[in-house]
Amino acid sequence: MHRTTGSTRPTRRPRRRSAATAGAAAALLLSLTATACGGDATTASDDQKLKGETITVAGVWTGVEQKNFKKVMDAFSEKTGAEMKFVSTGDNVSTVVGSKIQGGNAPDVVFVPQVGVLEQFAEKGWLKPLSKEVDKLAGDNFAPVWKEYGTVDGTFYGLYFKASHKSTVWYSPEAFEQAGVTPPKDYDEMLEVGRTLSDSGLAAFSVAGEAGWPLTDWFENVYLSQAGPEMYDKLAAHEIPWTDPSVVKALTTLGELFGDKELVEGGGSGALNTDFPESVEKVFGSDPKAGMVYEGDFVAGLISGQFGKKVGEDAKFFPFPAVDGGKPPVVGGGDAAVVLDEGKNANAGMEFVEFLATPEAARVWAEAGGFLSPNEALDLNAYQDETTRETAKSLVEAGDTVRFDMSDQAPAAFGGTQGAGEWKILQDFLRDPSDPKATAEELEAAAAKAWKKS
Amino acid sequence: MSATAPAVPPASAGGTPPAPPPPGAPAGADTPRRRAQRRRRLVAALFLLPALLLLGALVVYPILFSIGRSLFDASGTRFVGADNYVEMFRDPSTLKAIRNTTIWVVITPAVLTGLGLILAVLTEKIRWATAFKLLMFMPMAISFLAAGIIFRITYEQDPERGVLNAVAVGVHDVFADRPAYPGARAREDAGETPVTKDADGSYGTAADLTPGSTVSLGIVGVPPKEVPADAEPAAPAPKAGDGVLAGTVHLDFVPGGGGEPGRIDSGERGLPGMTVQAVRDGKVVGETTTAADGSFRLTGLADGSYAVRLPASNFAEPYGGVSWLGPALVTPAIIAAYLWVWTGFAMVLIGAGLAAMPRDVLEAARMDGASEWQIFRSITVPLLAPVLTVVFVTQVINVMKVFDLVYIIAPGPVLQEANVLAVQMWLVSFGGGNNQGLGSAIGVLLLLLVVPAMIFNIRRFRRSQS
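Sequence order for the protein chains is A and B. Taking this note's numbering, the leading residue of the first sequence gets 13, the next gets one more, and so forth. Taking this note's numbering, the leading residue of the second sequence gets 2, the next gets one more, and so forth.
It is possible that some hints are incorrect.
What follows is a list of derived Cβ distance ranges for each label pair [said to hold, decoys possible]:
(1) A/ALA457 to B/PRO333: 27 to 33 Å
(2) B/ILE151 to A/PRO253: 41 to 47 Å
(3) A/PRO253 to B/GLY171: 50 to 56 Å
(4) A/THR107 to B/ARG34: 40 to 46 Å
(5) A/ASP165 to B/ARG100: 57 to 63 Å
(6) B/ARG100 to A/LYS273: 39 to 45 Å
Honestly, the hints are just simulated from the structure, not real lab data. Positions of the beta carbon are idealized from the N, C-alpha and C atoms, including for glycine.
Generate the whole structure from the sequences, applying the supplied hints.
What follows is the structure in structure tokens.
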């Protein structure tokens, strides 16, 4: 895939700080009028131009996330008078949306959580290309890579509103203090820190081997940093085979960690008995067994929610360190807003997506918490705690080198099936990392099969 | 149903039906007899229609559709002939599923029927039979999903969660001593007397120490809370006299970092209770344990050169129990869970057969002086054979389609090892494979395997009716 390099700086809009809501409202009006209405005076009728229209939004969010997203919708209806309705799709977005379209009850805006689903929707012709205004806002406020991931065959369909950051290594500051180490700057240093931790009596890493997906994330981070974004894109699209020397090299690098009994809690076989929540518990639970656990920003929710620890105090993170002198990797993901062709109020829906592209919409959720925005124009002070702010900063600073989770982009048979494909092969690799070459061959065999089928 | 000899004359012929004569009937033979026959057939067909429709829509059509679907590729648009069937037998995971299903079919129904029989015969003789039967039957009231989750936790590797391993570890620890410092290790290649790790997990110095010399051995990887409370700050190696090798075993790690590897720094503690051996020419000639400050003295040594060794028993990992859900034991473990659910059912069914057995035969045998074992073998079992066969064949069919227990109990990494055909069919078609062509082919294979058991059952059913 070809990507433009060098991100365009976001054009900052005047924003009043003193009264947050009023400021946001004003800035929103400015941005709306500037992009949609050509910068004319904001009249009252313009204000409530969507009065009487109902926009239906579908997304995977439930619980707190849904509640916080409703705040974003409320902010929009306050501005435009549109009535907003949210439908939760559960995990299986494509099935739910597909049946709703067939039933003549299509939502206007849908949040799709995976690149693959976005492509699938676009290929089925369900999507409306995003308007010029959204295009412009996205171009101004987002690193081009986010637009690329929302683009199918040259048409911009999906606006990434909510992002996730999957290159965070969480550690227990207490364990680090006990061992007298500080967060490492590169991969080798991380292994060194791990060995010192192990000398102090704690294992270095708790690895969730029973679930397959954390292993794919481990590999993706190492590969992205070591082989670089261009190779990463090629491998993600299966344009180069998994037997490529770069893959073998990344596996060898990863095997250095996985194969070291002192670095992995319980060794390979112990890690294979550890599921994901357990892996977090082993670091942040009541009886710590390891000092670090690698996974995405969502670990924070688990730490504070399930184990009652305070993120930022009892739990901190450092960015996944650079491997072999590469750039530190940032593997991300996100939910993209798309507008459905069949929606009854698709045009109003488009206005909503336009709103989502502004930093003001992102600010609403950022202030509520549990949210990362790829929007560069969003003031980092909107985030309520230091940890989230740092995560967001690292995501935005990574700019164009952010890459989406590779296994999410692969056919499910390869990248998303329990007990098969990449998950299973990397689990075998965790058990015995002595032969990266053979593992690469197995991966290639599975990938070839999966890509042939899809 | 026989429609050949209508004994009843037609009740009332309202009008002559305009239907043509049935095929094969001689022209113009539209006698009342034939009309009645046709009428009866029509009524029969009318009554059968709903059942036939349901059967057709819910059984025949899906079977035919699956067979057809199995001849197409993943997307369902391209005809691939027998490719899916070839692929099926080439795919190692499907082959493993076939192998495991075979294991299930060979072992489970036989064991289940046997267990059911034994329990049924035994419960006949005990006082609280009804209560016992009720208890045994209870797992049937639990859904497979719940049973699967129960056993998943029961089989858990961590003794703090899995009750089976808690028992295993508890029993083991009664008979074996717990190692002093599980998971700890000596710091290699540091300090004045570097140690190396041997193949058996012990650490030893080079064999060049003469009596009178001192050694200091640094240990790392001991969690702070595992250091014994009575451990004192590490003493510098004590004076060694004639025929004595002395030294200190200490925790070579200062909390908070710092300190020099291999040296006793301030803040480092001795490790009491560590076994230390003096080795000469591969033979252990002296053994002692360290004191509270980590010091030790190996006394009574003749002149010569020795190695000081920390045997592996100091560092052995604690016994972790049995890996029930490991690749080797996962299928037997799941079969055991299946037996837990179904044994009660088999027992009650066989018990019913026992109750219906003619008592006079048993009594006659007892009068003739037959032993209980002889009665069981020569009378009870043969008379129960029909019931036993029903249980057995039903279980063969049941076991072939087992899905939930396998899917729930087997953890992700060993799902392939525990795979059975029904699970593989689901995985391939919906659980990520998204290849419903190949999935249908596996479904057809499963159907073919079940059909003989079905035919057998129907035959038996017919025979017992006639």
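Each hint, compared with the structure:
1. A/ALA457 to B/PRO333: 27 to 33 Å: Holds: the Cβ-Cβ distance is about 30 Å, inside 27 to 33 Å.
2. B/ILE151 to A/PRO253: 41 to 47 Å: About 44 Å separates the Cβ atoms of B/ILE151 and A/PRO253, which means 41 to 47 Å holds.
3. A/PRO253 to B/GLY171: 50 to 56 Å: This hint holds: roughly 51 Å between Cβ atoms.
4. A/THR107 to B/ARG34: 40 to 46 Å: violated, 60 Å
5. A/ASP165 to B/ARG100: 57 to 63 Å: violated, 45 Å
6. B/ARG100 to A/LYS273: 39 to 45 Å: Given range 39 to 45 Å: violated, Cβ gap about 32 Å.
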